[in-house]
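Based on the hints, put chain P in the right spot on chain C.
The chain contents come next:
Protein chains: 2
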Amino acid sequence: MMSGLHTAYPFPFKKRDDVDRSAAQAMRNECRNGGFSGSTSGRAPGFVQANLVILPKEFALEFATFCLRNSRACPLLDVTEVGSPEPSMVAPGADLRTDLPKYRIWINGKLEAEVTDITDVWRNDFVGFVLGCSFSFEAALAREGLEPRNVTMKSNVSMYRTTHPNIKSGPFEGNLVVSMRPYPPSSLPDVIRITSSFPGAHGGPIYKGKTDATPHCSFLGIGNLGLPDFGDPVPIGEGEIPVFWACGVTPQVAIETAAPAPPIAITHAPGHMFVTDLVDDEMRVGQPPG
Amino acid sequence: MMSGLHTAYPFPFKKRDDVDRSAAQAMRNECRNGGFSGSTSGRAPGFVQANLVILPKEFALEFATFCLRNSRACPLLDVTEVGSPEPSMVAPGADLRTDLPKYRIWINGKLEAEVTDITDVWRNDFVGFVLGCSFSFEAALAREGLEPRNVTMKSNVSMYRTTHPNIKSGPFEGNLVVSMRPYPPSSLPDVIRITSSFPGAHGGPIYKGKTDATPHCSFLGIGNLGLPDFGDPVPIGEGEIPVFWACGVTPQVAIETAAPAPPIAITHAPGHMFVTDLVDDEMRVGQPPG
Numbered sequence: 103m104m105s106g107l108h109t110a111y112p113f114p115f116k117k118r119d120d121v122d123r124s125a126a127q128a129m130r131n132e133c134r135n136g137g138f139s140g141s142t143s144g145r146a147p148g149f150v151q152a153n154l155v156i157l158p159k160e161f162a163l164e165f166a167t168f169c170l171r172n173s174r175a176c177p178l179l180d181v182t183e184v185g186s187p188e189p190s191m192v193a194p195g196a197d198l199r200t201d202l203p204k205y206r207i208w209i210n211g212k213l214e215a216e217v218t219d220i221t222d223v224w225r226n227d228f229v230g231f232v233l234g235c236s237f238s239f240e241a242a243l244a245r246e247g248l249e250p251r252n253v254t255m256k257s258n259v260s261m262y263r264t265t266h267p268n269i270k271s272g273p274f275e276g277n278l279v280v281s282m283r284p285y286p287p288s289s290l291p292d293v294i295r296i297t298s299s300f301p302g303a304h305g306g307p308i309y310k311g312k313t314d315a316t317p318h319c320s321f322l323g324i325g326n327l328g329l330p331d332f333g334d335p336v337p338i339g340e341g342e343i344p345v346f347w348a349c350g351v352t353p354q355v356a357i358e359t360a361a362p363a364p365p366i367a368i369t370h371a372p373g374h375m376f377v378t379d380l381v382d383d384e385m386r387v388g389q390p391p392g
Numbered sequence: 103m104m105s106g107l108h109t110a111y112p113f114p115f116k117k118r119d120d121v122d123r124s125a126a127q128a129m130r131n132e133c134r135n136g137g138f139s140g141s142t143s144g145r146a147p148g149f150v151q152a153n154l155v156i157l158p159k160e161f162a163l164e165f166a167t168f169c170l171r172n173s174r175a176c177p178l179l180d181v182t183e184v185g186s187p188e189p190s191m192v193a194p195g196a197d198l199r200t201d202l203p204k205y206r207i208w209i210n211g212k213l214e215a216e217v218t219d220i221t222d223v224w225r226n227d228f229v230g231f232v233l234g235c236s237f238s239f240e241a242a243l244a245r246e247g248l249e250p251r252n253v254t255m256k257s258n259v260s261m262y263r264t265t266h267p268n269i270k271s272g273p274f275e276g277n278l279v280v281s282m283r284p285y286p287p288s289s290l291p292d293v294i295r296i297t298s299s300f301p302g303a304h305g306g307p308i309y310k311g312k313t314d315a316t317p318h319c320s321f322l323g324i325g326n327l328g329l330p331d332f333g334d335p336v337p338i339g340e341g342e343i344p345v346f347w348a349c350g351v352t353p354q355v356a357i358e359t360a361a362p363a364p365p366i367a368i369t370h371a372p373g374h375m376f377v378t379d380l381v382d383d384e385m386r387v388g389q390p391p392g
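Chains as they are written, first to last, in our numbering: chain C, 103 to 392; chain P, 103 to 392.
Don't read these hints as lab results, they were simulated from the structure.
Hints may be right or wrong, so weigh each one.
Just so you know, same-sequence chains aren't split out, so a pair can sit in one copy or run between any two.
Claimed, not checked - Derived lysine to aspartate or glutamate pairs resembling DMTMM-like cross-links, with alpha carbons at most 20 angstroms apart:
#1 270 <-> 227
#2 204 <-> 292
#3 310 <-> 340
#4 312 <-> 216
#5 159 <-> 183
#6 270 <-> 197
#7 270 <-> 188
#8 212 <-> 358
#9 117 <-> 384
#10 270 <-> 132
#11 159 <-> 227
#12 270 <-> 183
#13 204 <-> 358
#14 212 <-> 331
#15 204 <-> 214
#16 270 <-> 216
Please read these numbers as outputs of a predicted model, since none were measured by experiment.
Bound conformation, chain C alone (with noise of 0.2 angstroms):
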């Protein structure tokens, strides 16, 4: 806390001198030369990954500004120099247009395109946005005896639309979307507590629904948590409930339904993440100052 200066992003994250990030740099490099181009679920272990939006200057602002007002959604890691492919804070020297495995291409908020490159259509006026991603808690979760069954079962984590709006900033507001872990009630507190300390992760959860024979959530506008709008569908065990996370579909979402829609926006493909050199502790706050 004292030795030096660290006047930059104390939430979500602060950056250790002592961790080797090289299997995170060489992530980036495999994706960067071709060799890589599958889901980075499992890969880098530790490192934290993230989502990644990237935006004309015209839309950046009140993008920005979106990812503000709805930052368990969104919880910006960060902001690139306009015309920059360049995350400075959490990857020095990474290069957005080249180490992600896949990217998707949205024009007027359609997709258009899934690429694994994406230099021939960056402009001198795109900013691009690294957000957080729950990857960085379920391992926290797992460490602590409550993996995630979706972790267990090696599918991806269930996630649903919703019927809450986002706080709306400029063209951006669209639905909340939400992801979906079962836990038994017993579990919740540690659950809270371990998710609450990664703001930078979604952080602890938006809802709790009930056990229920037919399981639905009213309040969040779910009919049936068996058919998840993306994902896979997780089962919910007997004396479980459902326990719900805001989700970084959300500014997806958000981008497909803007109205006027930016003219181009670039998104990571689903389950291709951007590695960057944080390591999860780094994201992990309320911790006793070092």
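Okay, now just chain P, sitting in the frame of chain C:
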């Protein structure tokens, strides 16, 4: 934590339902009606007072990013919609054009005028930024028997220009400005704990100096602690050390030194802050989820 949705601003604040916010509203109304143009120090006690920066949209993205990169000095509490004077997150219904007692108008980075109302100069491309201020943690320190000396003396805190450049964003850089409060080393753990729980009010200290017969701080580039660049001199007692925090004058220096300078910028006049609807405790983090 779990009763309903909390998707906005998990940090730096969370609004409670049971707070009577009429004293803050009354203070703002007095400013709006021209009935008050003095310092807000000690007014509407318990409510979060904030720094204000208003910039044209053309400069707003890069200023927002400047704040995110230098969040110790520039803790963002709210950003308005383009053209809107309403800081809807921290004070719904308030009007940034009238609700502060005094403003400064900066033309091309030079201080041009002090006025009590900016309705006449408001433009529909203006964006308002509301930034936290250390008043919030000073009250918390006092409640735990650690009242800062500047509060005891009823003077302004000592503030200094340092030689440490901020992290640049577009045209904004400048050097960090710090405030100083003297404490005996034995009080430091409590001082760190208390102030660190207010990241929205600059958070914990960024540096501690040495006990020194001729007080200076070479690390920060401060030649004589008895001659602050802003505010009043505050004596450092026998056996005390100077403790430094990032200071809300930093963004003002970044605007003065911006290259290119914004053609127009508006800030609060020193000590004439914006009184928000938030109470100090709502900015506190790291409490048990409730």
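Checked hints:
no.: 1; hint: 270 <-> 227; verdict: between (23 angstroms within a copy, 18 angstroms between copies)
no.: 2; hint: 204 <-> 292; verdict: neither (35 angstroms within a copy, 48 angstroms between copies)
no.: 3; hint: 310 <-> 340; verdict: within (16 angstroms within a copy, 55 angstroms between copies)
no.: 4; hint: 312 <-> 216; verdict: neither (38 angstroms within a copy, 57 angstroms between copies)
no.: 5; hint: 159 <-> 183; verdict: both (10 angstroms within a copy, 16 angstroms between copies)
no.: 6; hint: 270 <-> 197; verdict: between (30 angstroms within a copy, 19 angstroms between copies)
no.: 7; hint: 270 <-> 188; verdict: between (28 angstroms within a copy, 14 angstroms between copies)
no.: 8; hint: 212 <-> 358; verdict: within (6 angstroms within a copy, 42 angstroms between copies)
no.: 9; hint: 117 <-> 384; verdict: within (6 angstroms within a copy, 27 angstroms between copies)
no.: 10; hint: 270 <-> 132; verdict: neither (38 angstroms within a copy, 30 angstroms between copies)
no.: 11; hint: 159 <-> 227; verdict: both (5 angstroms within a copy, 15 angstroms between copies)
no.: 12; hint: 270 <-> 183; verdict: between (24 angstroms within a copy, 9 angstroms between copies)
no.: 13; hint: 204 <-> 358; verdict: within (19 angstroms within a copy, 42 angstroms between copies)
no.: 14; hint: 212 <-> 331; verdict: within (17 angstroms within a copy, 54 angstroms between copies)
no.: 15; hint: 204 <-> 214; verdict: within (14 angstroms within a copy, 51 angstroms between copies)
no.: 16; hint: 270 <-> 216; verdict: neither (28 angstroms within a copy, 33 angstroms between copies)
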